[in-house]
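Q: Following the hints, position chain B against chain A.
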Amino acid sequence: MGNLSSSLGIGLSGLQASQEAISVVGHNIANVNTPDFSQQSAVLTSAQAQNYSGIMFGTGVTVTSVQALRDQFLNLQVTQSLCAQSSAQTTYQGIQAITPAFTDDGTSGLNTQISKFFSSLSTLAGNPTSAALSENVVGAAQAMLQQFQTSYQTVTGQIASANQQVGSLVPEINTLTTQISALNTRISQQLDPTTANDAIDQRQELTDKLAKLVGIQVSTDTHSNYQITLDSGAATLVSGGTAYPMVATPNGANGNNYSVAVVTGATSTDVTDNINGGQLGAEMNLRDNLLPAYQSQLDTIAGSLANQVNKLNMAGFGTDANGNSVTGTPFFTGSGIDAAADANFGYVNLPNNALPASAANAPIYKGIINSMVVNPSIVATPTLIASASAAGVAGDNSNVLKMANLQTALATVDTNDDGTGDSGPFSTVVSGLINNVGTQSQKFNSIATNQQNLTTALQTQQTSVSGVDLDQQAALLMQFQQAYQASAHFISTISQLTQSLMTAVAAG
Amino acid sequence: MTMRVPNLMNNALSLLDLQRLKQQYSETVQQLSTGQANPNLGDNPAAEARVEGYQASINVNTQYVAQADTANSALQASSTALTSLGNDITQLLQLGQEGLAANTTPTTQAGIASQVSALRQDMIALGNTQVQGQYIFAGTKTTTVPFVDNQATTPPSTTYNGNSGIINLTLSPSVNVATNIPGDTLFYGGAGAQGTSTDVLAQAAAMAQALTTNNTANLQTAYNNLQTISSRINVSVADLGERQNGVTALQDSLNAYTQNLTAQQSSIASVDYATAITQLNAEGVAQQATLGTIAKSGQKTLFDYIA
Chain A
63 MGNLSSSLGI GLSGLQASQE AISVVGHNIA NVNTPDFSQQ SAVLTSAQAQ
113 NYSGIMFGTG VTVTSVQALR DQFLNLQVTQ SLCAQSSAQT TYQGIQAITP
163 AFTDDGTSGL NTQISKFFSS LSTLAGNPTS AALSENVVGA AQAMLQQFQT
213 SYQTVTGQIA SANQQVGSLV PEINTLTTQI SALNTRISQQ LDPTTANDAI
263 DQRQELTDKL AKLVGIQVST DTHSNYQITL DSGAATLVSG GTAYPMVATP
313 NGANGNNYSV AVVTGATSTD VTDNINGGQL GAEMNLRDNL LPAYQSQLDT
363 IAGSLANQVN KLNMAGFGTD ANGNSVTGTP FFTGSGIDAA ADANFGYVNL
413 PNNALPASAA NAPIYKGIIN SMVVNPSIVA TPTLIASASA AGVAGDNSNV
463 LKMANLQTAL ATVDTNDDGT GDSGPFSTVV SGLINNVGTQ SQKFNSIATN
513 QQNLTTALQT QQTSVSGVDL DQQAALLMQF QQAYQASAHF ISTISQLTQS
563 LMTAVAAG
Chain B
5 MTMRVPNLMN NALSLLDLQR LKQQYSETVQ QLSTGQANPN LGDNPAAEAR
55 VEGYQASINV NTQYVAQADT ANSALQASST ALTSLGNDIT QLLQLGQEGL
105 AANTTPTTQA GIASQVSALR QDMIALGNTQ VQGQYIFAGT KTTTVPFVDN
155 QATTPPSTTY NGNSGIINLT LSPSVNVATN IPGDTLFYGG AGAQGTSTDV
205 LAQAAAMAQA LTTNNTANLQ TAYNNLQTIS SRINVSVADL GERQNGVTAL
255 QDSLNAYTQN LTAQQSSIAS VDYATAITQL NAEGVAQQAT LGTIAKSGQK
305 TLFDYIA
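Protein sequences, first through last, are from chains A and B. Mapping of the first sequence onto my numbering: residues 63 to 570, in sequence order. Mapping of the second sequence onto my numbering: residues 5 to 311, in sequence order.
Pulled out of the complex, with its shape left as it was, chain A reads as follows:
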């Protein structure tokens, strides 16, 4: 049977338990706006009973643990969703940034400038001996090239920006992986790692941040450590208490773009092609695939246009400053370009100006736009534009008419680099490119929005499970306050009883 003294102990345990539970409520209220914080609750358990003469008497209450309300599966889903959302959003922003370079409002833009160039040739066909109209063709050609180059350089700028982002994201990723590994250590050192609630929440928050930066896979080992690998599985970033740093190094073989490696001890694993998700994956995809593809299409169109126009201009006859018929003059030339593109220009400048004959000898248009200029000889003497098909007939417009008619001709653009024109007219191919940019922009915007919706839905579920509800906390506070007051009253009563007993003993 319990005595008064043990009853005091029971009352005291009630006071302590209520006080600890109130403390947990206070912690919850304090973290009501903390991201990834999981609401905690004190787990109250009745204290072990004691046997008096075969009768079990309770001994009060104790707080056995503080548990967090957490759905680990939901947390990992949120992490993956954030990763996909960040990737789509970054890709969308990267493409959106270059769309002005492809917008055609009917007064400027690629198609408009190409059209103006061919229109100027058409006008020249009406009066092929006119120096003014020849000059006009030169001006239109230069404006067209400038438009091509502006579009190309806008994309180049965005590629450089993506590369710069790659360089600056890597240190951020390393900071996060280091912090996560430190938290892994703190959590695993607990007697019961699953009760390291605040550290687990902090680790989750950092993991979510990491997932936004780079595509990752997360798993938990038996010691509650997060094991984090790249989403491709190509390298481990965090294993227990160890973080493996990423290193970004300019790669001379790839235009000094950053290559990314993960360093594991003395081993460095190149993961440049193995990062798929997150901001880093998106920036690398923009830099290495999406944006260069647009440049390649621009190069193809410009290179094909140069080929077709050069072929005709070199076959026809213009007039030099002395009034002599001149043939074999390329309309477009290039200089200061890399060896591969130079070889391509070599084809353009061949006497018969033939396109390469086979896929094995395919033209390399890369970077051709940057070097293209209107032949300086033609700029100096515009009448070198070969309007005539034969020598000595200045009024013959048949050749310039052929050049003007290239605008609507089919099979003028070599889209598959096999050396033969396979698409056209030019306006259709340019429209295709513009449509491609627009469609990609729309696609990634749509993916980003959908992913945001999914993330929001998951986070709503996560918050519903783990978030702090102030009403609930207020109710708990009242509940534990009442329990505390009751325990205090109980102790007071026992105290009075003890006092009465003491008084009786003294009186006796």
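Simulated from the structure, these hints should not be mistaken for lab results. Note that the coordinates shown come from a computational prediction; the quantities given were computed from them, not determined experimentally. C-beta atoms are modelled at their ideal positions from N, C-alpha and C, and glycine is treated no differently.
Part of the chain B face toward chain A, derived, beta carbon under 7 Å:
{"id": "1", "residue": "Leu20"}
{"id": "2", "residue": "Glu52"}
{"id": "3", "residue": "Gln71"}
{"id": "4", "residue": "Phe307"}
A: Just chain B, lined up with the frame of chain A:
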């Protein structure tokens, strides 16, 4: 089942909704300020591709219309010169008739011969007509004086320095129009026909010579030849007229087509102001409602009621 609704949840959802409303509002404002239904390339790529396609067609059509203008100018210049040539030949025939009349005196014959020679000179000048610095009857050798008179021969003869080249202009993918008549075709009746019975300049010279020498037979021959030539020139005038009519008709058709394309393009590319303004108002109301809701929600918790 009752779902827990912690405090963070409402705020996050409401803010996301508000953010999207603001974005929509901003897009509608952009539509109204630019007048474009799809101001950004990614708004509606399919529509953008159609707009681009229409624009390309409009550009090509505009180019064809400009070519048609050029063709019409060239044909008009040739037509004017040809009309004058026809008038000269008519006068030659009248003078020939006068010369063939029985009562003409040698003095009269000499006077007529002089007029015939003057008309021949006028025809040579017509053959050397220039428009914008180009000789329109020189074939494609438009910078070369096509007809050179040679008075040293008897009768005087001409040399043709042009060629038989045709200057075409493209008025549509399938339509090329010849904008010139080579001088040898028009004045000689064909390449290599210089000095023959179809050569109007040679027949004019022969007529003047016959009048000067009072050779009625030669005069009659020249007269007959000029009559044939006159018919040929009339055919050429009619041919030019038909070409001009054809070009004008095509030009009208191209203009109508361009107008149609422009209307189609505008229906896709231009914003419908009534719809956009209505949308803007609706979005404004939705935005205010969301702001009001956010301000109201979460104002009170149980703590407010605990004394």
